[in-house]
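Participant: Residue strings, one per chain:
Protein chains: 2
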Amino acid sequence: MSAPADTPGRLPGEFDLIARYFAPIAKSHPGALGLTDDAAFLDLPPGHQMVVTTDAMVAGVHFLADDPPDLIARKLLRVNVSDLAAKAAVPVGCLLALALPRGTTAAWLEAFAQGLSADCAEFAIPLVGGDTTATDGPLTLALTALGSVEAGHAPLRSGAKPGDRVFVSGTIGDGALGLEVAKGGLGDLAAPLREHLLGRYRLPEPKVALRPVLRAFAHSAIDVSDGLLADLGHICEASELTATVQAAMVPMSDAVQIAVARDPDLLSRVLSGGDDYEIVFTADPADSDRIMDASIKVGVPVTGIGFIGRKGEGAGPRVTVGDLAALNTVLRVTGYRHF
Amino acid sequence: MSAPADTPGRLPGEFDLIARYFAPIAKSHPGALGLTDDAAFLDLPPGHQMVVTTDAMVAGVHFLADDPPDLIARKLLRVNVSDLAAKAAVPVGCLLALALPRGTTAAWLEAFAQGLSADCAEFAIPLVGGDTTATDGPLTLALTALGSVEAGHAPLRSGAKPGDRVFVSGTIGDGALGLEVAKGGLGDLAAPLREHLLGRYRLPEPKVALRPVLRAFAHSAIDVSDGLLADLGHICEASELTATVQAAMVPMSDAVQIAVARDPDLLSRVLSGGDDYEIVFTADPADSDRIMDASIKVGVPVTGIGFIGRKGEGAGPRVTVGDLAALNTVLRVTGYRHF
Chain A
1 MSAPADTPGR LPGEFDLIAR YFAPIAKSHP GALGLTDDAA FLDLPPGHQM VVTTDAMVAG
61 VHFLADDPPD LIARKLLRVN VSDLAAKAAV PVGCLLALAL PRGTTAAWLE AFAQGLSADC
121 AEFAIPLVGG DTTATDGPLT LALTALGSVE AGHAPLRSGA KPGDRVFVSG TIGDGALGLE
181 VAKGGLGDLA APLREHLLGR YRLPEPKVAL RPVLRAFAHS AIDVSDGLLA DLGHICEASE
241 LTATVQAAMV PMSDAVQIAV ARDPDLLSRV LSGGDDYEIV FTADPADSDR IMDASIKVGV
301 PVTGIGFIGR KGEGAGPRVT VGDLAALNTV LRVTGYRHF
Chain B
1 MSAPADTPGR LPGEFDLIAR YFAPIAKSHP GALGLTDDAA FLDLPPGHQM VVTTDAMVAG
61 VHFLADDPPD LIARKLLRVN VSDLAAKAAV PVGCLLALAL PRGTTAAWLE AFAQGLSADC
121 AEFAIPLVGG DTTATDGPLT LALTALGSVE AGHAPLRSGA KPGDRVFVSG TIGDGALGLE
181 VAKGGLGDLA APLREHLLGR YRLPEPKVAL RPVLRAFAHS AIDVSDGLLA DLGHICEASE
241 LTATVQAAMV PMSDAVQIAV ARDPDLLSRV LSGGDDYEIV FTADPADSDR IMDASIKVGV
301 PVTGIGFIGR KGEGAGPRVT VGDLAALNTV LRVTGYRHF
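Residue numbers (the working numbering), protein chains in the order written: chain A, 1 to 339; chain B, 1 to 339.
A few of these clues could be false.
If chains are identical, the list can't say which one is meant, so a pair holds when it fits in one copy or spans any two.
[To be verified] For lysine-lysine, the following DSSO-like pairs were computed, each having C-alpha atoms within a straight-line distance of at most 27 Å: (1) K311 <-> K161; (2) K27 <-> K311; (3) K27 <-> K161; (4) K311 <-> K297.
Don't read these hints as lab results, they were simulated from the structure.
Note that the coordinates shown come from a computational prediction; the quantities given were computed from them, not determined experimentally.
Based on the provided sequences and hints, a complete structural model is requested.
Facilitator: And the structure:
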């Protein structure tokens, strides 16, 4: 395993690449074996289940090839941590599969690894394994995240009950309008507002802190990645129920409120766009006050935005926007489709 | 979630694609939730650890874009199952991240899913999650496999002891010479021999049946993916020891023996080439007879090919071929490098 010449900018071989850039991120977890074995070993507390999820990202589809490498790494980790958060799981570890375009520089890889390292530390989810390979195509990444949850205590998509109140964390629409800004749109907004939106799009904040609230109260939950209405639709689909939300109740940041005030057509984008990585959940309305108190206590405010109804008639929509009939056209929107 | 028009050959949207092709593979495992949630739930028996591993494959690097799709799926699953097998783990589940080139046909995807389904059944490793996306580049796949092992009973790379005997399962070199055949080489071999080699290269047989033998006797183990000498070198590296193997003892199939008899230069390829997916392990030589008996009982014969020695002097090689001094040049070979 002789190292290749350490020419500046030249990528080392696979073993050295792992040792140099990724093994340091794994050193906090003994079961990762310093990434020197073919597998890693993870423990579960008694009575717990392993929660597993995977998300892939491709340059040109999910991000631009010249996006800052540390942000690419951090977003990849965060979208997976967000899935764990929606299941009220405690992060346990993650594995990274990385197909690197030929010509990837050491500087790029170092920045990528630094971003990954920072967020693995922030979310207490050690890197425990992975695979790196070359590709003739665009940078392609897949991250698998593992978490633990007390058996039977994870809120599923399928757990909603008729009469449940629908809650959402944080604010909605920042991700979708941030994507607009990234594409050069919303130029009439003040720079700080554009920065806010762009930041939310580029670097989601998975709501892991909401875990005790979800664990105690949520009947069903999902993170907002496809879009608020689409993701609530996923809950309705899995629970075989319907939902009605009030657009006026949907929490929006100052930037989103100002953008929508200038261009009301953006409201549909706010409700149906993706990439917010907030959590939508349903719970007994009788628990509303306790949910509000508990969510403020963990620093993740939530807002009641609607209710779960009984199964609809025939081919009717799963989710209805109660106070804005025109918006019901967005019910056909089921989030971003890759194909 | 309205389905797009079902034009023959046209790829359905992501949700329909998952429902149509992948959900049926997941239905055997209740924790997969029919692939309708963002995460899956896996149980571990008390006193067990989760073993996790991931491998990525890229068209043009690991296989040809026009290889049969069912074989691509099966090889991807098998190389991961092989990693679990080397850790004496029982398969628990797997997750698949799939970046599909635009223009991928429904027929391709159906064949891919059929191959995956067949092997998930054969190796009792249900698909429990995944992610599909489009790519402008080559087909790129990453599979994460999870298994369970009694805590502390997995043979690691780092567990070899001085004086251990080195064993290998099955036969060595079929993978490397199969790759030669796939490239159009070894044309002077009889067709059935070429078929044998090609089959071993295209569709490895992970040695999951060896689990009780490894669990009972192995101090260290690794599967042969980078090549016999390179992978034994990984054990030596992690264990901070050396090894000597006898080329004459290395088990070879009829096809490999005939090929090497015709072209002795191929011997170095046999010992240093990859893709055999056999298992190399080390154990107390006093257990040799019991290891032979137990391995025959599970239908996976093993052969003693050498011994582990003490840590070498200075920069000496980790692995020495005792009976063929000329071959020691291959010690610089550390398996296929992607970069």
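Participant: Against this structure, judge whether each hint is valid.
Facilitator: Verification of the hints:
In the homo-oligomer, the alpha carbons of K311 and K161 lie at most 27 Å apart inside one protomer (10 Å), although the nearest pairing across protomers, at 64 Å, exceeds that limit. Within a single copy, K27 and K311 get their C-alpha atoms only as close as 50 Å, which misses the 27 Å cut-off; across copies the closest is 24 Å, which meets it. For a Cα distance limit of 27 Å, the shortest separation of K27 from K161 across copies, 24 Å, qualifies, whereas the shortest one inside one copy, 44 Å, does not. Taking identical chains as interchangeable, the C-alpha atoms of K311 and K297 are never at most 27 Å apart, the minima being 34 Å within one chain and 57 Å between chains.
The structure is inconsistent with hint 4 alone, although it conforms to all the rest.
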